[in-house]
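Starting from the two chains in their separate frames, assemble the complex, guided by the hints.
The listed protein sequences derive, respectively, from chains C and Y. So for the first sequence, the working numbering puts the first residue at 2; every next one is plus one. So for the second sequence, the working numbering puts the first residue at 56; every next one is plus one.
Incorrect hints may appear among the rest.
What the hints assert, rightly or not - With a straight-line Cα cutoff of 25 Å, these simulated SDA-like cross-link-like pairs (lysine to any residue) come out:
| id | chain 1 | residue 1 | chain 2 | residue 2 |
| --- | --- | --- | --- | --- |
| 1 | C | K65 | C | A84 |
| 2 | C | K65 | Y | V134 |
| 3 | C | K65 | Y | C136 |
| 4 | C | K12 | C | H32 |
| 5 | C | K70 | Y | D83 |
Claimed, not checked - If you want the footprint, here are the derived chain C segments under chain Y, 3+ residues with CB under 8 Å:
| id | region |
| --- | --- |
| 6 | 22-36 |
| 7 | 55-63 |
| 8 | 69-80 |
| 9 | 83-96 |
| 10 | 125-134 |
| 11 | 137-146 |
It is worth saying that the hints were derived from the structure and are not from the lab. Computed from a predicted model, the values in this text were never measured in an experiment. Ideal placement from N, C-alpha and C gives every residue a C-beta, glycine not left out.
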Amino acid sequence: MIRDFEGVIIKTVCRALVPFIQLYGLYVIAHGHYSPGGGFQGGCILAASFILMALAYDINEVKKRLSEKMNTIFCSLGVIIYAGIGILCLILGANYLDYGILHKILPADPAHARSLGILGVEIGVGFTVMAVMVSIFLNIASGGEHEGEEN
Amino acid sequence: MKFLTFITILMTTAMLAYATLDMPGFADPSSPASTHVSPVYIQEAYEKTATPNIVTAVLADYRSYDTLGETVVIFTAGVACMMLLRREK
Numbered sequence: 002m003i004r005d006f007e008g009v010i011i012k013t014v015c016r017a018l019v020p021f022i023q024l025y026g027l028y029v030i031a032h033g034h035y036s037p038g039g040g041f042q043g044g045c046i047l048a049a050s051f052i053l054m055a056l057a058y059d060i061n062e063v064k065k066r067l068s069e070k071m072n073t074i075f076c077s078l079g080v081i082i083y084a085g086i087g088i089l090c091l092i093l094g095a096n097y098l099d100y101g102i103l104h105k106i107l108p109a110d111p112a113h114a115r116s117l118g119i120l121g122v123e124i125g126v127g128f129t130v131m132a133v134m135v136s137i138f139l140n141i142a143s144g145g146e147h148e149g150e151e152n
Numbered sequence: 056m057k058f059l060t061f062i063t064i065l066m067t068t069a070m071l072a073y074a075t076l077d078m079p080g081f082a083d084p085s086s087p088a089s090t091h092v093s094p095v096y097i098q099e100a101y102e103k104t105a106t107p108n109i110v111t112a113v114l115a116d117y118r119s120y121d122t123l124g125e126t127v128v129i130f131t132a133g134v135a136c137m138m139l140l141r142r143e144k
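In isolation and in its complexed conformation, chain Y is listed as follows (with noise of 0.2 Å):
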């Protein structure tokens, strides 16, 4: 059993490294990402969102749904550590 695990291991990270090759090289000029979207937001972001800090209008106006859901996962830690620890002495 041992070793059928281990050789599935293997298979599926020789699989996952055959992909990376696929992959657009670190900051690539020419990948989807830096031809189509970054150039964008660095040149529409000012005039449509009036915020000089980009990084602010993509997390909280472009990709608002994801903080939406990062507010709501800090919110859950919360409930659950209250749920879990708190009780009247």
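Looking at chain C on its own, in the form it has when it is part of the complex (with noise of 0.2 Å):
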């Protein structure tokens, strides 16, 4: 379990690091098109910069902003989200996951509605990652013994 100590440098580093980490990783994830980066590597950002806050204070800092409950139901979201636009693309009427048939419901030739699909893609692998390099932290660090959703 990491517990909580006095250092105020790590922690005041932290403050100011996370919110820079966090945008840098929704660029990545944003600008997956035209550089390199994507779903994986910018939801590891995003969770490496709740590992930090979990080194910086200790673990239930990260369940204030990030509880359990929301960090299972992203796992899933983000697959959800995947496998669903794949369903949207069969039932307008093309093959799973092909992106192109999106011109039907969203403002975009079938070559732009393609680059969308791939947006929506990432954001639910990103989804994914990020919940599951979290959680996985936790449940090692802790050795699955961190305390309950307080409800």
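Following this line, the structure appears as structure tokens:
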């Protein structure tokens, strides 16, 4: 179990860095079309910000901001977004994950609909990767014995 | 028994090593992958997907089944970790 300790420098630096790390993670996810990056990398950077918070403060500080319930929901939400976009393509009459058909419901031509489909899928991957990384870290760091939800 | 295992491993290794002789050379421009698959991606990826980064286009569009599988693998790893380790105090 990672415990809280007195370290003013570490806590201050962490507090200053976390917003920028999260912003950079979102940038990496959103900018995957133009530069190296995408859902996996961006999700890992977002998870790194939460892990830094857990290291500098303690696990409960992370769970205040990203509760275990939300974390578990995010885990499955990403896969649902990904598979849901595929099923949406199926409903609109194309093959599974054939984003071109999304131009029927999006204000874009088929090529740009594909681009938007890729973005949607990357966001789903980002959600899952972030939530799973945080969840695995919390479970391994505390041996699965971090405190339950305060209901 | 150990001798038999050794012979089996040796023969399998020899078979695999022999099979690699049929593989195209590294970055061979006349291999099937370089003459049929890669040029199509390089020429058509931008027109068809409006995505300048071909890697992203291949990862999330041409091979999106693969990426869906990868995401499900990560999800499964997370759920398995939760199920193995998580317990109330």
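For each hint, the structure was consulted:
| no. | hint | verdict |
| --- | --- | --- |
| 1 | C:K65 <-> C:A84 | 30 Å, violated |
| 2 | C:K65 <-> Y:V134 | 21 Å, holds |
| 3 | C:K65 <-> Y:C136 | 21 Å, holds |
| 4 | C:K12 <-> C:H32 | 30 Å, violated |
| 5 | C:K70 <-> Y:D83 | 51 Å, violated |
| 6 | 22-36 | holds (count 4) |
| 7 | 55-63 | violated (count 0) |
| 8 | 69-80 | holds (count 5) |
| 9 | 83-96 | holds (count 3) |
| 10 | 125-134 | holds (count 6) |
| 11 | 137-146 | holds (count 6) |
Hint compliance for this structure: hints 1, 4, 5 and 7 are not met, and every other hint is.
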